[in-house]
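Colleague: Going down the list, the sequences are from chains A and B. Under our numbering, the first residue of the first sequence carries the number 2, and numbering increases by one thereafter. Under our numbering, the first residue of the second sequence carries the number 34, and numbering increases by one thereafter.
No lab work stands behind these hints, which were simulated from the structure alone. This one's a predicted model, so the numbers in the text were calculated from it and none came from an experiment. Note that CB positions come from ideal geometry on N, CA and C, so glycine has one too. Be careful, since some hints might not be right.
[Stated by the list, open to error] Label pairs and their in silico Cβ distance ranges:
#	chain 1	residue 1	chain 2	residue 2	range
1	B	Leu53	A	Lys6	49 to 57 Å
2	A	Val150	B	Leu86	34 to 42 Å
3	B	Pro74	A	Phe168	32 to 40 Å
4	B	Phe39	A	Ser190	20 to 28 Å
5	B	Leu86	A	Pro83	20 to 28 Å
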Amino acid sequence: MEHLKPHVILPLQIGSLDLSITNAVLFMWIACALVFITLVIAGRAGRLVPKGIQNLMESMVSFLHQTFITEILGEEAAGWFPFVATLFFFILYCNLIGLVPKGFTATSNINVTASLAVVVFLCTQAVGIYKHGLFGYLKKFAPKGIHPVILIIMIPIEIISAIAKPFALAVRLFANMTAGHLVILVFLSMIIMFKSAIIAPFPLAMATVMMAFEIFVALIQAFIFSILASMYIAEASHAEH
Amino acid sequence: MEPVGFAYLGGGLSIGLAALGTGIGMGILVGKTVEGMARQPEVSGLLRTTMILGIAFVEALALYALVISFLLIFK
Numbered sequence: 002m003e004h005l006k007p008h009v010i011l012p013l014q015i016g017s018l019d020l021s022i023t024n025a026v027l028f029m030w031i032a033c034a035l036v037f038i039t040l041v042i043a044g045r046a047g048r049l050v051p052k053g054i055q056n057l058m059e060s061m062v063s064f065l066h067q068t069f070i071t072e073i074l075g076e077e078a079a080g081w082f083p084f085v086a087t088l089f090f091f092i093l094y095c096n097l098i099g100l101v102p103k104g105f106t107a108t109s110n111i112n113v114t115a116s117l118a119v120v121v122f123l124c125t126q127a128v129g130i131y132k133h134g135l136f137g138y139l140k141k142f143a144p145k146g147i148h149p150v151i152l153i154i155m156i157p158i159e160i161i162s163a164i165a166k167p168f169a170l171a172v173r174l175f176a177n178m179t180a181g182h183l184v185i186l187v188f189l190s191m192i193i194m195f196k197s198a199i200i201a202p203f204p205l206a207m208a209t210v211m212m213a214f215e216i217f218v219a220l221i222q223a224f225i226f227s228i229l230a231s232m233y234i235a236e237a238s239h240a241e242h
Numbered sequence: 034m035e036p037v038g039f040a041y042l043g044g045g046l047s048i049g050l051a052a053l054g055t056g057i058g059m060g061i062l063v064g065k066t067v068e069g070m071a072r073q074p075e076v077s078g079l080l081r082t083t084m085i086l087g088i089a090f091v092e093a094l095a096l097y098a099l100v101i102s103f104l105l106i107f108k
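Please model the complete structure; the sequences and the hints are all you need to start from.
Modeller: What follows is the structure, given as structure tokens:
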């Protein structure tokens, strides 16, 4: 369990804020740098018929564009596509770096995923207030055409659901990443537990299968986070509740 | 029967019951998707994407239970 927890590499205090560089921060920087480098190289290549890395990046971006813009975000919120696509690539690279030996999954830390979810939450509220004005945004908690008595129950439910959605976003990503790494850890510790060379290949094979599944889960969770973020932004931007 | 034993029991029970509901839910979901793809193969891309979205939602519920079980076991 020890290398699943963040540890401090470079302690750094500014005033009363603890800004020390943990390995989660370091790996987030590495993920940012890798996202930047790969996408810039793919963008600079500029061939009309894409080949190699430009092909890979372009296929992912065009799949995201087709899924997000045409169905979910629509016309008005289409300007939010770069934010959501950046979220997707950043989370994807953070998840995948953890599968490399000696790599640490930054998103397996609840603080990282919670901060990403808080950013998405602030974006949705800001879009709602900007589009409909402060009063119109508050009116969205009370759908029209229902009996006033039900309204007293509906408003707390709407408020709770507005808070529960980013919370669920954070916990979903955190739990998926941590659970995957823990399952691999459990399988590999079974080798130490049994202490025999005959039984040893089976936990190893299971650990390999779980690593392959982890790659799949990393892709899916990055996609789910970004698609839910885009759905919340679209809902805040053009729902006439 | 110390209280610590109950915590371990609760941890195991929580994820076990959650996996039960998740298994049933995902089975229904994927079954309906396959049925829909068999009726109309040309929208199978859209169906596959929606199915992955639905699976993530159902899986999130099971993972809430897993988080609770971690809290019970390791605290």
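Colleague: Does each hint hold? Answer for all of them.
Modeller: Checked hints:
no.: 1; hint: B:Leu53 - A:Lys6: 49 to 57 Å; result: 31 Å, violated
no.: 2; hint: A:Val150 - B:Leu86: 34 to 42 Å; result: 35 Å, holds
no.: 3; hint: B:Pro74 - A:Phe168: 32 to 40 Å; result: 39 Å, holds
no.: 4; hint: B:Phe39 - A:Ser190: 20 to 28 Å; result: 25 Å, holds
no.: 5; hint: B:Leu86 - A:Pro83: 20 to 28 Å; result: 22 Å, holds
Figure legend: structure checked against the earlier numbered hints; the only hint not met is number 1.
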